[in-house]
Every structure is written in C-alpha cells, then in structure tokens.
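These protein sequences, in sequence, are chains D and E. If you're matching positions, the first sequence starts at 1100 in my numbering and goes up one per residue. If you're matching positions, the second sequence starts at 1100 in my numbering and goes up one per residue.
Treat the hints loosely; a few may be bogus.
Unchecked claim - Straight-line distance between alpha carbons at most 20 angstroms, and here's what the computed EDC-like set of lysine to aspartate or glutamate pairs gives: (1) E/K1189 to D/E1169; (2) D/K1189 to E/E1169; (3) D/K1140 to D/E1207; (4) D/K1189 to E/E1336; (5) D/K1137 to D/E1260; (6) E/K1189 to D/D1170; (7) D/K1189 to D/E1200; (8) E/K1140 to E/E1208; (9) E/K1140 to E/E1336; (10) E/K1140 to E/D1290; (11) E/K1137 to E/E1300.
The set of hints was computed from the structure by calculation and includes no laboratory data.
There are 2 protein chains.
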Amino acid sequence: MSLGTPLAPEAFVEQLREEGSRRYHDRHPYHVLMHEGKLTKLQLQAWVLNRYYYQTRIPIKDALILSKSEDPAFRRMWIRRILDHDDEDKGGLALWLRLAEGVGLDREEVASCRSVLPGVRFACDAYVELVRERSLVEAVASSLTEFFAPDLMSRRAAAWEEHYPWVDRAALEYFRSRVSRARRDSEEALDFVIRSATTRELQERCVAALVRKCEILWALLDAVYAAYVTPGWRLPESA
Amino acid sequence: MSLGTPLAPEAFVEQLREEGSRRYHDRHPYHVLMHEGKLTKLQLQAWVLNRYYYQTRIPIKDALILSKSEDPAFRRMWIRRILDHDDEDKGGLALWLRLAEGVGLDREEVASCRSVLPGVRFACDAYVELVRERSLVEAVASSLTEFFAPDLMSRRAAAWEEHYPWVDRAALEYFRSRVSRARRDSEEALDFVIRSATTRELQERCVAALVRKCEILWALLDAVYAAYVTPGWRLPESA
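Here chain D stands alone, though its shape is the one from the complex (with noise of 0.2 angstroms):
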C-alpha cells in the first residue's frame, strides 16, 4: 500500500468516525427493536446472556493490548480498563451479571457461557484474535467503537426504564456505569491512535481495524436475531 501523505489528525479522525458511526450496532435491527420496547422477555434475556460471552473477551483483549506496548506509561493508562472490568463489586463483569438476575436470568448459568449460541461465540472470539494478530495502534483503533458507546447507553437505560418495568431498576446500573467510563477511555484511545498511526497506511490499517470491530459487533447480534426473532428457532413453539 502505497497511499500518500497521512491525513491530518482532524481528517483522520472524522473518517474514523464516519466509517464507525454507519456500522455501528445501533441500528442493528436487534437493537432497533430492543429501543422501541418490542422484545419479549425471552428475547431481552437472550440478548443479556449471549452478549456476556463479549464482556468476558474485554479484559482478555485488554491484557493482549498490555502485552503489546513496551511504554510502561501506556500500560498504567490501560491497566485501568482491565481493573474496571475485573473489580468484584463494581466491575464490568460484576455489574452484568446483575443485569442478568435483574431480567431474571440465572446468575450462574450466565456466568457458565455453557449457553451462548455459536455464532457469538464465534464473533467474540475474532474480536480477541483480532486483537492478538494486528499491531499495537490498529488493537487500540479497534476500541473506538466505545466512542460511539455512551450515546447508545444512554439511550438504552432510558428505553429499558419506559418499556421494560419488569427490569430491576438497579440492574441498569452496567449501563450507566458505562457512559462516563467509555467517554473517557475513548478519548485516551483516539489520542494514542492519532498519534501512533503517523503514516497514510497506518491510518488506513486502523480504519480497517474499526470496521472489523464494527462487523464483529453486527455478526453478535445477527446471531442472537436468527435464534431469537427470525427464523427465530430458538423460539418456544407458542411464541
């Protein structure tokens, strides 16, 4: 690839922007529905146990990350994600799992993954081999997407507070938690790749990155849609 002079950092990240924001899993037809309050219980609840199969990829792809820089002020910057995800009380993980006894899931056998259909698992798993074969800045460029994540959280807790009253209040606290935290860890991410990706190539390679994520996102949720809704076989015969 031979591709020019590198976009300024202004260019760069508004087509980093562009090309995250129009695949962005918000407007997965899954999500669409889950927003307007058109899913059943079993359907929410699919939702919730299968997406936790990602949230235990995160801290796994975060310590792949650790492992890829050699400045040690970047791993103090990026260790905290792995903290946060990790902690016992208020933990990323934690706080899902609360989720899931909040829709009325059991807690273990959310926590076993034994469920989960295939094709997420197939998802998450590209998600971290992703991560392990690229470099560095497209590994970082591929957590962007989290800077699209605040909007849609909070977009959800409001839509799950109108539509779903059956859900424990206190369980959307995952949700809430999120808004400030992906704020601020995708903007430590977008600063590091503005200033790693110093050539045109780099700045594509990332790009790529935030697309393969943006596509690994979409695929979860195509999964969950063709057990769930259409064809829908894991639907109960009466629904």
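Using the hints provided, position chain E relative to the given structure of chain D.
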C-alpha cells in the same frame, strides 16, 4: 505421555524445588564473582544494563498470563504484579533505573536498551515466547524461580554493601523490595500450580517450564560473562 497418577502436592513441590534450585542462576559464575566482590565497576554496570532488558519483559509476560486466564479472581491477583512493576515511583522498572544510576550508568542509555547484548535479548525474548505459547499453568510455573529469589536478593544486598561501597546505598532498594514481593508472589503462584496441575502430565509440564526458565536466566548470564569476563570481547584493551 502417560505418566501414571499425579504426585501428592508435597512431592510435586519437592520436585519443583529440587529441579529449580539446582539450576537457579545464583550458582552461575557471574553471580559468584558478583557476590564475592570480584566484579569490576564495568562488569557490575554491564550486568545492571543487560538485566534491565529482562525487567522490561516482565510486565509483557505478565500481561500475556493475564490474557490466558478466564477467571476474574485469578486476574485480580495477577494484575498486581504489573501494577507493582510499572508504578512510576516504586515500581520494579523505576527502581531498576535508580539502581542503574546508582552504579554510575546513564538512565536514558539503560532505558533505551540499545546496548543490550544480542544473547541477552534472545534469552529474554525466549521467556516471553514460552509464556505466549504454553498453557496458563505452565506459564505460571515458569515464574516459580521467584521461590528462590528472596534468599538471593537478601544475599545480594549484603554483598553489594560490603564489596561495592561506591554504589549508592539507596539504589539497592530494588533488591530489598523484591524480598517480600517475591515471597508473596511465589506463594500465590505455587498455590495455583498445585491446584491446577491435576495430572502427572501437567505436573511434568510445569517442572519442564520451570527448568526452561532457569535455562533462560542462566543463558542471560552466559552472554554477559562471555562479553565482559571471558573471552571478554567487550572489555577495554587494558583490562
């Protein structure tokens, strides 16, 4: 490999201790010279400079170990090693750079790793690859050289105070800090290895990983010995 029933924990620990202690690098001629006060200033500096590269590999291999674990409780335990090592003031890397200054080296020269001997680099990179390629329990077992470290660190601090009075006393803090950290870390690691190596084959693999790690530490010193003692191809002509 079919190796029969697993050893009882006590016998397994005894085997790890036996195979590790007889290969541990406290017996290497470079360390023997060091602790007998027979290294020149240049030779002591050479060891500090080269060993820094090993220090820089530690958080990387620990992040790889983190990435191999599916257990948040294990990760909460293991992540402390990276925090301990990367802390800006009191971390292992910061203390080692203070040691480098204490023996009269330029901090930036050491931090750059540009004068590290090729053989030292190969040995340290082999450690990262061992951790990357083997299973979690084997990777943890390879850290069990720490079991022997507290004794070596105590002897080293005393030997340096006696034989190398020109070294800034405060710079020896790294060795002192390792005594309690290595004891705690190796006990945790040993507990995990005992619990996780549930077959004779796994136990043998753990012993093999520890043996390989001892070989890595030994090879590091071989490279420094060859360059700075005999044949001494890095010694100044007049030495």
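Okay, the hints, checked on the actual structure:
| no. | hint | result |
| --- | --- | --- |
| 1 | E/K1189 to D/E1169 | 18 angstroms, holds |
| 2 | D/K1189 to E/E1169 | 18 angstroms, holds |
| 3 | D/K1140 to D/E1207 | 19 angstroms, holds |
| 4 | D/K1189 to E/E1336 | 62 angstroms, violated |
| 5 | D/K1137 to D/E1260 | 13 angstroms, holds |
| 6 | E/K1189 to D/D1170 | 16 angstroms, holds |
| 7 | D/K1189 to D/E1200 | 15 angstroms, holds |
| 8 | E/K1140 to E/E1208 | 17 angstroms, holds |
| 9 | E/K1140 to E/E1336 | 15 angstroms, holds |
| 10 | E/K1140 to E/D1290 | 40 angstroms, violated |
| 11 | E/K1137 to E/E1300 | 43 angstroms, violated |
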